[in-house]
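S.K.: The whole structure should be built from the sequences, with the hints applied where relevant.
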Amino acid sequence: ETGVTQSPTHLIKTRGQQVTLRCSSQSGHNTVSWYQQALGQGPQFIFQYYREEENGRGNFPPRFSGLQFPNYSSELNVNALELDDSALYLCASSLKSGGAVNEQFFGPGTRLTVL
Amino acid sequence: GESVGLHLPTLSVQEGDNSIINCAYSNSASDYFIWYKQESGKGPQFIIDIRSNMDKRQGQRVTVLLNKTVKHLSLQIAATQPGDSAVYFCAENIGTGRRALTFGSGTRLQVQP
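These protein sequence lines map, in sequence, to chains A and B. Each residue of the first sequence is one higher than the one before, counting from 1 in our numbering. Each residue of the second sequence is one higher than the one before, counting from 1 in our numbering.
By construction, these hints were calculated from the structure, which means they are not laboratory data. Remember, predicted model here, so these are calculated numbers, not experimental data. Hints are not guaranteed to be accurate.
As the list claims (entries may be wrong) - Stretch-level coverage of chain B by chain A, calculated; a stretch enters the list once three of its residues show a Cβ under 8 Å from a Cβ in chain A:
| no. | stretch |
| --- | --- |
| 1 | 40 to 50 |
| 2 | 100 to 113 |
To be verified - Taking lysine-lysine pairs in the BS3-like style, the calculated list, with each CA pair at most 30 Å apart, reads:
| no. | chain 1 | residue 1 | chain 2 | residue 2 |
| --- | --- | --- | --- | --- |
| 3 | B | 56 | B | 42 |
| 4 | A | 13 | B | 42 |
| 5 | A | 96 | B | 71 |
| 6 | B | 56 | A | 96 |
| 7 | A | 96 | B | 68 |
The beta carbon of each residue, even a glycine, is placed where N, CA and C say it ideally should be.
M.R.: See the structure below:
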């Protein structure tokens, strides 16, 4: 186990709704990255948060947004859900020190199904 | 765009044999590479990493080889066990300030008893 937890485990939403996914990072880690993994594919980078600020973003539209809290936990929010948003959403925590981000530890993911 | 890719979608090996999983990358600026193992219903699990200033790194039963000339990465698993059955991803990253990993599509390793 990596010590990274995510909630909920599974979630079913309908098209047009909004969803919030949560991640608790491993103790001592200050950086959280979110990834989207479609069935049968590798994870795709959504964005990364460091010290409560976005530290890079992948090729995802603005309806994907995030937050990081003072305790380094994080939320991923997706507005106006589309069918293609159905995927496993992974959170990874890591320690950024001396300007470098080290090994990322992944949580078990949240399986989102959009109907 | 540039991306990480894999040659074989499925690899089937006998228990006890050595496994080799290959990966091709296209971004010559990538300087950090990682292999992850993902079992069904779980998140990716770190196996081993290698930086671009190295060409080989060994762990417990695993070895990663990096050939920058042909932009090729491989994962070797010695004495493959049933517990090694999973999907394996290679991932690459550019720069140290933000580890935004780019993953390949994965290779499924099936270990036959």
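S.K.: Are there three or more residues in the stretch 100 to 113 of chain B whose C-beta lies within less than 8 Å of some C-beta in chain A?
M.R.: holds (count 7)
S.K.: Next pair to validate is residue 13 of chain A with residue 42 of chain B; report whether the Cα-Cα distance is within 30 Å.
M.R.: At roughly 22 Å apart (the allowed maximum being 30 Å), residue 42 of chain B and residue 13 of chain A satisfy the hint.
S.K.: Count the residues of the stretch 40 to 50 of chain B whose Cβ falls closer than 8 Å to any Cβ of chain A, and tell me whether that reaches three.
M.R.: holds (count 7)
S.K.: Holds or violated: residue 96 of chain A with residue 68 of chain B, Cα cutoff 30 Å?
M.R.: holds (27 Å)
S.K.: Take a quick look at whether residue 96 of chain A and residue 71 of chain B sit within 30 Å of each other, Cα to Cα.
M.R.: Within the cut-off at roughly 27 Å; holds.
S.K.: Tell me if the straight-line CA distance from residue 56 of chain B to residue 42 of chain B falls inside 30 Å.
M.R.: Holds: residue 56 of chain B and residue 42 of chain B sit about 28 Å apart, inside 30 Å.
S.K.: Does residue 56 of chain B pair with residue 96 of chain A here, judged by a C-alpha cut-off of 30 Å?
M.R.: holds (25 Å)
Violated hints are absent here; each numbered hint is respected by the structure.
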